[in-house]
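> Position 66 of the sequence shown, counting from 1, maps to 66 under full-length UniProt numbering, and the rest follow consecutively.
Simulated from the structure, these hints should not be mistaken for lab results. Idealized CB from N, CA, C, for every residue including glycine. Take these hints with a grain of salt, some might be off.
[Unchecked claim] Mimicking BS3-like on lysine-lysine, the simulated pairs with C-alpha atoms at most 25 Å apart in a straight line are: (1) Lys195 - Lys125; (2) Lys160 - Lys86; (3) Lys195 - Lys160; (4) Lys39 - Lys6.
[Stated by the list, open to error] Label pairs and their in silico Cβ distance ranges: (5) His213 - Asn42: 27 to 33 Å; (6) Lys85 - Pro219: 25 to 31 Å; (7) Asp165 - Arg191: 16 to 22 Å; (8) Asn270 - Ala162: 26 to 32 Å; (9) Lys125 - Cys63: 33 to 39 Å; (10) Pro47 - Asn97: 20 to 26 Å; (11) Glu152 - Pro194: 16 to 22 Å; (12) Asn82 - Tyr155: 25 to 31 Å; (13) Gly177 - Asn97: 18 to 24 Å; (14) Pro185 - Asp53: 22 to 28 Å; (15) Gly4 - Gln90: 35 to 41 Å; (16) Asp53 - Asn97: 14 to 20 Å; (17) Pro47 - Gln90: 25 to 31 Å.
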Amino acid sequence: MKNGIKIIDMRCRPPYRGFLNEGYPFGLYDVAFAGLFRKMTNTTATPALLYKDMGLFIREMDCAGIDIGVAPYRAAWGDPRNNRKKTDNQDLVDLMNEYPHRFLGIACLSPVYNTLDENISEIDKFCVNGPLPGIMLEPYIDQPNWFMNDKERVYPILEKCAQHDLPVLMTFGSLPGFPAEQIEPLLQACRDFPKVNFVCCHGAYPYVDRFCHAAFIIPNLYLSPDMYFINTHCRQMYLDAANYTLRDKLMFGTACPGIPLEFAVNYYMNSGLREEVLPDVMYRTAARLFHLPLD
1 MKNGIKIIDM RCRPPYRGFL NEGYPFGLYD VAFAGLFRKM TNTTATPALL
51 YKDMGLFIRE MDCAGIDIGV APYRAAWGDP RNNRKKTDNQ DLVDLMNEYP
101 HRFLGIACLS PVYNTLDENI SEIDKFCVNG PLPGIMLEPY IDQPNWFMND
151 KERVYPILEK CAQHDLPVLM TFGSLPGFPA EQIEPLLQAC RDFPKVNFVC
201 CHGAYPYVDR FCHAAFIIPN LYLSPDMYFI NTHCRQMYLD AANYTLRDKL
251 MFGTACPGIP LEFAVNYYMN SGLREEVLPD VMYRTAARLF HLPLD
């Protein structure tokens with residue numbers, strides 16, 4: 001909590017097990033790689049990034065006032081070219097057990113690296129009968145790429161999420177952009193599964209104008225711009241949307257470790273978000289998504 005406002009970080013990657021993996025698509029805790037984002041925000045590397053230490057990371061969460069970190073795993077870390085085993089969602093259960101009430105692990109699934117039966121089994125094991133409150137899908141990170149409106153490989157996963165009220169987080173946005181042909185399949189999936197809440201992590205950057213409009217007219221589409229709210233040319237669009245049309249659809253995130261936690265919190269809270277909107281952006285909208293107490 002900071003200034004009396006609870007905080008949920010929708011894109012939190014702690015230095016824990018698979019989050020430390022390097023190789024395809026990149027290493028989050030590679031100091032040189034993270035430097036790209038430090039350049040964007042004019043910040044320095046934090047001790048948690050430099051030493052890859054969970055104790056330091058929890059301390060940085062506390063200093064920033066972050067109550068809960070939403071920690072999405074990445075199936076592509078288990079890509080065969082990395083010569084590693086598949087990403088194990090059990091790691092997220094262990095994270096939540098080792099640091100109770102601080103993290104919400106988001107199970108990674110993939111129609112490329114898993115069979116459909118394996119994906120459904122993962123949902124049953126870790127979400128329906130386990131503590132993970134949602135799933136992560138990354139159609140343009142997985143190799144080869146796939147589309148969200150794939151009726152054979154993806155729609156059964158979305159149907160399972162609809163049955164159990166599981167939000168679907170997705171990586172949609174990056175500094176170099178993402179393939180524009182991914183946009184309409186995602187919007188089609190949102191329309192075909194109105195009971196599933198879809199969250200575009202990274203805020204669909206750089207297609208911000210289109211997605212702010214889409215999130216306004218599609219009830220189950222949400223945006224979490226995380227670091228792309230900070231010092232980018234799209235900042236004002238996110239800010240205007242959060243203040244008015246997307247007050248209950250846009251959520252705070254850091255995308256740490258590239259962005260220091262305390263810097264991100266301070267930036268959002270002093271960005272021009274209206275006082276009555278801040279609790280929604282920083283906490284309440286995410287709390288509703290995951291059925292957490294609103295106060």
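> All hints, please: hold or fail.
Now for the hints, and whether the structure bears them out:
no.: 1; hint: Lys195 - Lys125; in the structure: 21 Å, holds
no.: 2; hint: Lys160 - Lys86; in the structure: 22 Å, holds
no.: 3; hint: Lys195 - Lys160; in the structure: 11 Å, holds
no.: 4; hint: Lys39 - Lys6; in the structure: 28 Å, violated
no.: 5; hint: His213 - Asn42: 27 to 33 Å; in the structure: 31 Å, holds
no.: 6; hint: Lys85 - Pro219: 25 to 31 Å; in the structure: 39 Å, violated
no.: 7; hint: Asp165 - Arg191: 16 to 22 Å; in the structure: 18 Å, holds
no.: 8; hint: Asn270 - Ala162: 26 to 32 Å; in the structure: 38 Å, violated
no.: 9; hint: Lys125 - Cys63: 33 to 39 Å; in the structure: 35 Å, holds
no.: 10; hint: Pro47 - Asn97: 20 to 26 Å; in the structure: 25 Å, holds
no.: 11; hint: Glu152 - Pro194: 16 to 22 Å; in the structure: 21 Å, holds
no.: 12; hint: Asn82 - Tyr155: 25 to 31 Å; in the structure: 28 Å, holds
no.: 13; hint: Gly177 - Asn97: 18 to 24 Å; in the structure: 38 Å, violated
no.: 14; hint: Pro185 - Asp53: 22 to 28 Å; in the structure: 40 Å, violated
no.: 15; hint: Gly4 - Gln90: 35 to 41 Å; in the structure: 37 Å, holds
no.: 16; hint: Asp53 - Asn97: 14 to 20 Å; in the structure: 19 Å, holds
no.: 17; hint: Pro47 - Gln90: 25 to 31 Å; in the structure: 28 Å, holds
Comparing the model with each earlier hint shows violations of hints 4, 6, 8, 13, 14; every other hint is respected.
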